[in-house]
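Visitor: The primary structure of each chain is shown beneath.
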Amino acid sequence: MIPLQPPRRLVDVEIDGRAVRVPEGATILDACRAAGQDVPTLCHGDTLTPKNACRVCVVEVEGARTLAPACSRKAEPGMSVSTGSERARHSRKVVLELLASSADLSTTPRAAEWIEEYGARPDRFGEQAATVEQPAKVDNDLYVRDYAKCILCYKCVDACGDQWQNTFAIAVAGRGFDATISTEFDAPLTDSACVFCGNCVEVCPTGALSFKTEFDMRAEGTWDESRQTRTTTICSYCGVGCNLTLHVQDNKIVKVTSPHDNPVTHGNLCVKGRFGYGYV
Amino acid sequence: MDLRFRDAAPTEEERAAVDALLGPPATAWEGGARTEADLRFAARSEPRRDLLLPALHAVNDRVGWISEGALDYICRRLTVPPAEAYGVASFYSLFSLKPRPARVLHVCTDLACRARGAEEVRRRVEAELGPAGLAWQASPCLGMCERAPAALALEAGDPPSFAEYSFADAPGNPGSAVPGVLAVRAEDQGESTAGRGRPGVPQAGQPGLVLLRRVGQVDPASLDDYRATGGYRALRRAFDLGPAGVIREVLDSGLVGRGGAAFPTGRKWDATARQPDHPHYLVCNADESEPGTFKDRVLMEGDPYALIEAMTIAAYATGCAKGYLYIRGEYPTAVRRLRHAIATARSRGFLGDDVMGHGFAFDIELRRGAGAYICGEETAIFNSIEGYRGEPRSKPPFPVEKGLFGKPTVVNNVETLVNVLPILERGARAYAAAEPKLFCVSGCVARPGVYELTFGATLRELLDMAVPTGRVRAVLLGGAAGAFVTDLDIPLTFEGTRDAGATLGSGVVLVIDDTVDLKGLLLRIAEFFRDESCGQCVPCRVGTVRQEEALHRLSRRVEDSDLVLLREVGQAMRDASICGLGQTAWNAIESAVDRLGVFK
Chain A
1 MIPLQPPRRL VDVEIDGRAV RVPEGATILD ACRAAGQDVP TLCHGDTLTP KNACRVCVVE
61 VEGARTLAPA CSRKAEPGMS VSTGSERARH SRKVVLELLA SSADLSTTPR AAEWIEEYGA
121 RPDRFGEQAA TVEQPAKVDN DLYVRDYAKC ILCYKCVDAC GDQWQNTFAI AVAGRGFDAT
181 ISTEFDAPLT DSACVFCGNC VEVCPTGALS FKTEFDMRAE GTWDESRQTR TTTICSYCGV
241 GCNLTLHVQD NKIVKVTSPH DNPVTHGNLC VKGRFGYGYV
Chain B
1001 MDLRFRDAAP TEEERAAVDA LLGPPATAWE GGARTEADLR FAARSEPRRD LLLPALHAVN
1061 DRVGWISEGA LDYICRRLTV PPAEAYGVAS FYSLFSLKPR PARVLHVCTD LACRARGAEE
1121 VRRRVEAELG PAGLAWQASP CLGMCERAPA ALALEAGDPP SFAEYSFADA PGNPGSAVPG
1181 VLAVRAEDQG ESTAGRGRPG VPQAGQPGLV LLRRVGQVDP ASLDDYRATG GYRALRRAFD
1241 LGPAGVIREV LDSGLVGRGG AAFPTGRKWD ATARQPDHPH YLVCNADESE PGTFKDRVLM
1301 EGDPYALIEA MTIAAYATGC AKGYLYIRGE YPTAVRRLRH AIATARSRGF LGDDVMGHGF
1361 AFDIELRRGA GAYICGEETA IFNSIEGYRG EPRSKPPFPV EKGLFGKPTV VNNVETLVNV
1421 LPILERGARA YAAAEPKLFC VSGCVARPGV YELTFGATLR ELLDMAVPTG RVRAVLLGGA
1481 AGAFVTDLDI PLTFEGTRDA GATLGSGVVL VIDDTVDLKG LLLRIAEFFR DESCGQCVPC
1541 RVGTVRQEEA LHRLSRRVED SDLVLLREVG QAMRDASICG LGQTAWNAIE SAVDRLGVFK
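Those protein sequences? They're chains A and B, same order as listed.
The numbers in the numbering used here rise by one with no breaks, and the one at position 86 of the first sequence is 86.
The numbers in the numbering used here rise by one with no breaks, and the one at position 82 of the second sequence is 1082.
Looking at chain A on its own, in the form it has when it is part of the complex (with noise of 0.2 Å):
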């Protein structure tokens, strides 16, 4: 059954020179996808409430003095963006600039797809550039937080916050470019209000949360998702029946993630579904 919601009106918006008809509160990236746009995001995700801290999706709206985020602003009526404004560009080009040159995006689906697009260069800031390399912290058995690729995008915070997990963790510490996630000082995660939820791992958009399996073998170099195999099935421990993908490499489960589509768990799971694999 699928529920009837209001109907709602259209906004018509212009992206590009094209005339784009949107549902009203949509955004300006769904506009734009609707027009076959292609917007780099990072700190946007499916199942949450933008931040827009990224900055990587701006985009110009004629008649605004400044650039706006395309991921949370509406599309309102008449609006006309162009993704791919002189204006626009540069600030992408410098926010992958800046981001590249102060966090390590090695892992970060596309990042070096877009640097190449944008003809970004992060090693003009020179040798000295201050960033955030510390090494990765390793508290438990479960899922690694490797801070030297953490660009700060807030997900994790939301998921484990208010918009998913309510278990409020983590958080953001410290201000400015010294700013970190961090538990309450800084303390252990299994000290911490924790529950091993991986939800915030499955929202982590540059690999600085991942699972121990994973960076184990990223670390040992056996890491290679062309060999791995993806199915998803049914969680087997409670009623729920959370749907869980199953990542496998060479007849192993390496890492298991949840389809974010999914009207109930929206890609959430708990610590049973996401590690418990163990009796597989």
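Simulated from the structure, these hints should not be mistaken for laboratory data.
For clarity, every value in this text was computed on a predicted model and none was experimentally measured.
There may be inaccurate statements among the hints.
Not the full set, but computed from the structure, chain B residues with beta-carbon under 8 Å of chain A [what the hints assert, rightly or not]:
| id | residue |
| --- | --- |
| 1 | 1004 |
| 2 | 1006 |
| 3 | 1051 |
| 4 | 1082 |
| 5 | 1465 |
By construction, the Cβ of each residue, glycine as well, lies at the ideal position given by its N, Cα and C atoms.
Model the placement of chain B on the given structure of chain A, informed by the hints.
Guide: Then chain B, alone, in the frame of chain A:
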């Protein structure tokens, strides 16, 4: 909300500090002793997240720093997750999460003090008190620019105390005054040792002043003196006009915001008053932190009742029952005087359930900031009051629709609000004919301070009053977020400064002569923005760091590639940052490169 704590217990002193603010804990859930009743009934616990910042202040004021036990206890009392409270506490520079001495000296090293020898003061303080970090720390602008170079000592205790220091009395060698000045203890409960009887207004007592007429002339503690000098006439007129009439007067007067953005105040009030959603909130933005700005402090210290009356009028016009006065933590004198004024006004029926017998209910809650420039941003101030990290929200929605606690909110700067009094006293037309504006003159002048001029005067006229001490090389208008100008004949109006490629901003007029190390000043501006960036968006968080790095390289050796880099990063910060901080972080540096040829 289910909370998990580590095993850290508060000390008796920390517990007492929190209980003094919140009262004793009602249940075991809130950290009290477990009773029989706790086992029988489910206790109801109201999350009071908005008291988080006051509670952190309570502990920091009493003990000097916030331990894990104290933080946990605050979290239990307010039902706040410890990780989030840690994130909030670590956001503010006046809080320490590590042990430190009760007394900490904050030495201003910002623009106005720097132009008058703050570096020498810093060296002497370091020689006296050891390396920075424990007994003293370098501070962004303390808003004591008319007494530059300045410092502020905050001493934790019960009650906490403070002392304001000025090293200006040793011209030529401000550092030499350090040992003598530091010997003065903060014993006299903080009535400032420097600047007593010097309200920072060189024009004090001059006839024709509007906004500054009482400053330095009237006892700021006395409500009777305030009323005897015309106080509460404007509110009486407001009650005669009715809310819509007040808004009409403010619209007709053409008043625009004095905090820097110059948005028409009447339109803001009108939009808030029309919102069907209730309650409406009023927020007075007294988080004056733009380097070189001190007009709001002078107003609040010298004429606190005027701000209270003006807030009451604003609340009456826009339908607010509650107003928050958010004042920066570095203004202890102003906090004390305002607290006294609010209490007096309340006891005399000028605040409360029935203001002046007109059946209008309004009260003011004073909230102290804790060292974060960004909290002066109009939406960051909401997050700070609500007990979250002071990060700006994205707009839309604008505060008039969804502001404090998600309700329609009107946010106004102190000077903006105080302007409403003459509008109502004289009528919009008479006010608009001679609209007053305050300027904070500091740097290389003989008579620094807050000056009141009517719009239309030129920069030269203002400088003639303040008497520059050397050849004026440039003037920084609008503070760190403003721009350098060299043309002294530009009119000091919003349009005039805009045409000159500058901004009036918050009214900063920082005079630079040949003795000032301009490269050092630019580095300080870059350092300021890097320090004060909240860290939310990438262009500002990383861009301000890259800007500072490039300036360091440039001050050693000028390379064209670094100038290009500065420009490109600056443009991205201006275009793609969430809030005004990142958007303006490159302004002053750009103007110095282009107009003053600093790196030629």
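Visitor: Taking the hints in turn, state whether each one holds.
Guide: Here's how the hints hold up against the structure:
{"no.": "1", "hint": "1004", "verdict": "4 Å, holds"}
{"no.": "2", "hint": "1006", "verdict": "6 Å, holds"}
{"no.": "3", "hint": "1051", "verdict": "18 Å, violated"}
{"no.": "4", "hint": "1082", "verdict": "4 Å, holds"}
{"no.": "5", "hint": "1465", "verdict": "35 Å, violated"}
When held up to the earlier numbered hints, the structure conflicts with 3 and 5 and fits the remainder.
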